[in-house]
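Engineer: The chain contents come next:
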Amino acid sequence: MLQTSRHVRGIALALFSVCLMADAARADTLRIASTTSLDNSGLLAAILPVFTKQSGIKVHVIAVGTGQAIRLGRNGDVDMVLVHHRPAEDRFVKGGHGIGRTEIMYNDFVLIGPSGDPAGIKGRLITPALRRLAARKALFLSRGDRSGTHGREVSLWQRAGLTPWKIKSSWYRKAGAGMGRTLNMAAELRAHTLTDRGTWLSFRNRRSLAILVAGDPALNNIYAAIVVNPKRHPHIRVTKARALIAWLLSSDGRRRIAAYKVNGELLFKPIKR
Amino acid sequence: MSSTDSGFGAALSLLFSFDPQLWRIVLLSLQVSLIALAIACLMGLPAGAALAIGRFPGRRILIVLVNTMMGLPPVVVGLVVYLALSRAGPLGDLELLFTPTAMVIAQTILIFPIVTALTRQIIESAWTDTGEQLRALGAGRRQAMGTLLWETRGALATAAAAGFGRAIAEVGAVIIVGGNIAEHTRVMTTTIALETSKGNLALAIGLGIVLLLIALVLNGAIYSVREFGRDRQQIRLI
Numbered sequence: 001m002l003q004t005s006r007h008v009r010g011i012a013l014a015l016f017s018v019c020l021m022a023d024a025a026r027a028d029t030l031r032i033a034s035t036t037s038l039d040n041s042g043l044l045a046a047i048l049p050v051f052t053k054q055s056g057i058k059v060h061v062i063a064v065g066t067g068q069a070i071r072l073g074r075n076g077d078v079d080m081v082l083v084h085h086r087p088a089e090d091r092f093v094k095g096g097h098g099i100g101r102t103e104i105m106y107n108d109f110v111l112i113g114p115s116g117d118p119a120g121i122k123g124r125l126i127t128p129a130l131r132r133l134a135a136r137k138a139l140f141l142s143r144g145d146r147s148g149t150h151g152r153e154v155s156l157w158q159r160a161g162l163t164p165w166k167i168k169s170s171w172y173r174k175a176g177a178g179m180g181r182t183l184n185m186a187a188e189l190r191a192h193t194l195t196d197r198g199t200w201l202s203f204r205n206r207r208s209l210a211i212l213v214a215g216d217p218a219l220n221n222i223y224a225a226i227v228v229n230p231k232r233h234p235h236i237r238v239t240k241a242r243a244l245i246a247w248l249l250s251s252d253g254r255r256r257i258a259a260y261k262v263n264g265e266l267l268f269k270p271i272k273r
Numbered sequence: 001m002s003s004t005d006s007g008f009g010a011a012l013s014l015l016f017s018f019d020p021q022l023w024r025i026v027l028l029s030l031q032v033s034l035i036a037l038a039i040a041c042l043m044g045l046p047a048g049a050a051l052a053i054g055r056f057p058g059r060r061i062l063i064v065l066v067n068t069m070m071g072l073p074p075v076v077v078g079l080v081v082y083l084a085l086s087r088a089g090p091l092g093d094l095e096l097l098f099t100p101t102a103m104v105i106a107q108t109i110l111i112f113p114i115v116t117a118l119t120r121q122i123i124e125s126a127w128t129d130t131g132e133q134l135r136a137l138g139a140g141r142r143q144a145m146g147t148l149l150w151e152t153r154g155a156l157a158t159a160a161a162a163g164f165g166r167a168i169a170e171v172g173a174v175i176i177v178g179g180n181i182a183e184h185t186r187v188m189t190t191t192i193a194l195e196t197s198k199g200n201l202a203l204a205i206g207l208g209i210v211l212l213l214i215a216l217v218l219n220g221a222i223y224s225v226r227e228f229g230r231d232r233q234q235i236r237l238i
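Residue numbers (the working numbering), protein chains in the order written: chain S, 1 to 273; chain X, 1 to 238.
With the rest of the complex left out, here is chain S (with noise of 0.2 Å):
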């Protein structure tokens, strides 16, 4: 008796630290959902400490897709959004779900594949580039995820006046995942794949696969913050959120933005204001 009383208690103690570990969490902490690409670049890792050591308050990341990360807030599952699509911003914000949209930083998207060229794309601008992986029926990996780069990578298409994912074909295929896991397939594929630039800088398993198409205005890649309505979730640590919006738009925030650098290469650029 003696022995169950003392498991007892032992496995109530383990549970109460772990309720604990989450209640310490939640009294100054502001919650953000961002998009994978911010997260796997390791910026948000960089920079966010020195805003806790100024504000004190800590930032959870809770790194999804664009599309995912916007649900989150809808639900009000977090305070803020840091997020790269803006059809589905807009969306968010007029539908009443978000607040005080606020650019901060931006960088572009780039087309890789294999480093051979095989489809002769090099160099050229994004909409010929589409169509001649096109017409050469060239292995693309679409993201599949509706994803701010999805988005993206459908509206070029559409530029391009193509819609291969409306056509039964084997060579435009979904891949369903994140930028990380796309990339992987990629490189395993020797396939094509729209990627930010962030991810692709930071990543590691490229093998054979290298930047093909760069530099085309089409393929700007703002980072927006919104903020989640409060009036649609009263919990919402708005004052938190919007110090945190604040100080990455302060000169502070700006200059560590602009100096995060991976393997020696800038990722982002701070909005000129």
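Just so you know, these hints were derived from the structure itself, not from any lab. Please note that the accuracy of each hint is not assured.
[To be verified] If you anchor each label on the Cβ, the simulated ranges turn out as follows:
hint	chain 1	residue 1	chain 2	residue 2	range
1	X	23	S	238	35 to 41 Å
2	X	61	S	210	57 to 63 Å
3	S	170	X	83	32 to 38 Å
Because the structure is a prediction, the values reported are computed rather than measured. Beta carbons are placed, not taken as given, at the ideal position from N, Cα and C, and that holds for glycine.
Following the hints, position chain X against chain S.
Structural biologist: Showing chain X alone in chain S's frame:
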């Protein structure tokens, strides 16, 4: 293959670097999965015993149901728990989403059927073997349950080990309800998924090896406790 080779290297250097961040991840993995296991056992052992020798309507249907639930896809469990704990869900006010507690809940749901189903099977065969004896000694069904649970503790430990294995190896549920937040809800499996997506395959495999080593140590401990118990029993018989 080179990834596997460097994976071993990565595992070794991980283990011997004593990187505090890594140990925090390992510790949280153990904490979450062991608590889930404890809760699943507290409920699953009696439930399994009741299913084995209890007499109540719907028992057969429950047995089939529990057996089916052993195959619950972790992602589905994760989604259901997410929908329940989300602010937009019925339990949103508890503020449990994206906490270790949410991960414990998801893993408990995942392994409760395993512990229950295996317990039922173990107790049922013990009941077939010794039921008559127990009844001759005047034991009621309730008493018999307690006795059988105690007598089959070695086999039940294996059932618990199966449940624990499922919990600690699972990624689909905890990544949804935990959110893989650094230093808060990041466990070994979600770290492996993250490093894979970054293309750090060697590090991912290294972490996988660390995970296996931990499971090895735990299962070794369970096995030796069991053997030790058996030795003692034999001594008593002599």
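Engineer: Take the hints in turn and mark each one as holding or not.
Structural biologist: For each hint, the structure was consulted:
1. X/23 to S/238: 35 to 41 Å: 36 Å, holds
2. X/61 to S/210: 57 to 63 Å: 59 Å, holds
3. S/170 to X/83: 32 to 38 Å: 37 Å, holds
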